[in-house]
Amino acid sequence: MRASNHLIGALNFLTFLLSIPILGGGIWLSSRATTTDCLRFLQWPLIVIGISIMVVSLAGFAGACYRNTFLMRLYLLVMFLVIAVLIGFIIFAYVVTDKGSGRALVNRAYLDYYLQDYSGWLEERVASNTYWPKISACVRDSKVCSRMGRSINSVPETAEMFYLRTLSPIQSGCCKPPTECGYIYQNETVWNMGSSGAMGANPDCTRWSNDQEMLCYACDSCKAGVLASLKKSWRKVSVINVVVMIILVVVYIIAYAAFRNNRKMDNDESYGEARMTKARPTGIHI
Numbered sequence: 006m007r008a009s010n011h012l013i014g015a016l017n018f019l020t021f022l023l024s025i026p027i028l029g030g031g032i033w034l035s036s037r038a039t040t041t042d043c044l045r046f047l048q049w050p051l052i053v054i055g056i057s058i059m060v061v062s063l064a065g066f067a068g069a070c071y072r073n074t075f076l077m078r079l080y081l082l083v084m085f086l087v088i089a090v091l092i093g094f095i096i097f098a099y100v101v102t103d104k105g106s107g108r109a110l111v112n113r114a115y116l117d118y119y120l121q122d123y124s125g126w127l128e129e130r131v132a133s134n135t136y137w138p139k140i141s142a143c144v145r146d147s148k149v150c151s152r153m154g155r156s157i158n159s160v161p162e163t164a165e166m167f168y169l170r171t172l173s174p175i176q177s178g179c180c181k182p183p184t185e186c187g188y189i190y191q192n193e194t195v196w197n198m199g200s201s202g203a204m205g206a207n208p209d210c211t212r213w214s215n216d217q218e219m220l221c222y223a224c225d226s227c228k229a230g231v232l233a234s235l236k237k238s239w240r241k242v243s244v245i246n247v248v249v250m251i252i253l254v255v256v257y258i259i260a261y262a263a264f265r266n267n268r269k270m271d272n273d274e275s276y277g278e279a280r281m282t283k284a285r286p287t288g289i290h291i
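Under the numbering used here, read the sequence shown as residues 6 to 291, first letter to last.
Among the clues, some could well be false.
Claimed, not checked - Listed next, the in silico DSSO-like pairs over lysine-lysine satisfying Cα-Cα at most 27 Å (straight line): (1) 148 x 237; (2) 148 x 241; (3) 139 x 104; (4) 237 x 104; (5) 241 x 104; (6) 241 x 139; (7) 139 x 237.
In case anyone wonders, no lab produced these hints; they're calculated from the structure.
All figures in this text were calculated on a predicted structure; none of them were measured in a lab.
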């Protein structure tokens, strides 16, 4: 029984350490929300889950080491809820980031992004009139487009060099017009209309502006770029969450075994001795 309790104590210390990456993932998403993703409504569940796992791990550690049945019972209840919430959060993260990806282009290393490729709760929330003005202002204030400028030997890069760059989803969606519009490259954030004046049917073609405060921040391609950036970030964090969830389930099973051992101790049962064996008389008195 001592070995079982020592094991659960050690595993809960490990779980406490594993909660740090979850909390760190939430903080990382929060930091990205102020620079590129500009969304603050999704990182808080990770932060809350990380803190909850920290607290419940400490309770399980204390309950196992001191054979405190009440703490172990509380630990098992809260750990079950944490695992259920974590599973729900993982499923939610994959569902809301399931659809959509960039479209490959001919003679371009970067991808173009289209809002119609995305759908669901996250797309509706990002594209809504309530949130998009705040998100687009955040993207603009992050200076992600102004930092795109690049030169080689003090010579600005040419169109051919720019076409070979691998742009982030936000750089591609918000800092340049869609490729199908036929704009002519002048520099990374200045594109002029072709001599024919012809444009594609994409509404974003008329939304593009060389005004550095406007660019394509009002474009659907910019919204799609934000969604693609979110998808990449959340998929990275979800991998960590899945690993932690598996470990938590294993720890929970072992903790349940330790809890049963503690109950046997409370009932004055010898370890490995059945209740029927204890109740049976050892001799016959005449």
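Tested hints:
Under the criterion of a C-alpha separation no larger than 27 Å, the hint pairing residue 148 with residue 237 is consistent with the structure, at around 20 Å. Taking the CA atoms of residue 148 and residue 241, the gap is about 24 Å. The hint holds against a cut of 27 Å. A distance of roughly 23 Å separates the Cα atoms of residue 139 and residue 104; the hinted pair therefore holds under the 27 Å criterion. Annotation: proposed proximity of residue 237 to residue 104 holds, straight-line Cα distance about 12 Å (limit 27 Å).
At most 27 Å may separate the alpha-carbon atoms for a hinted pair to count; residue 241 and residue 104 meet this at roughly 16 Å. Restraint check: the Cα-Cα separation between residue 241 and residue 139 comes to about 25 Å, which is no more than 27 Å; the hinted pair holds. Between residue 139 and residue 237, the direct Cα distance comes to roughly 21 Å. Compliance with the 27 Å bound is thereby established for this hinted pair.
Going down the numbered hints, you'll see the structure goes against none, and every one checks out.
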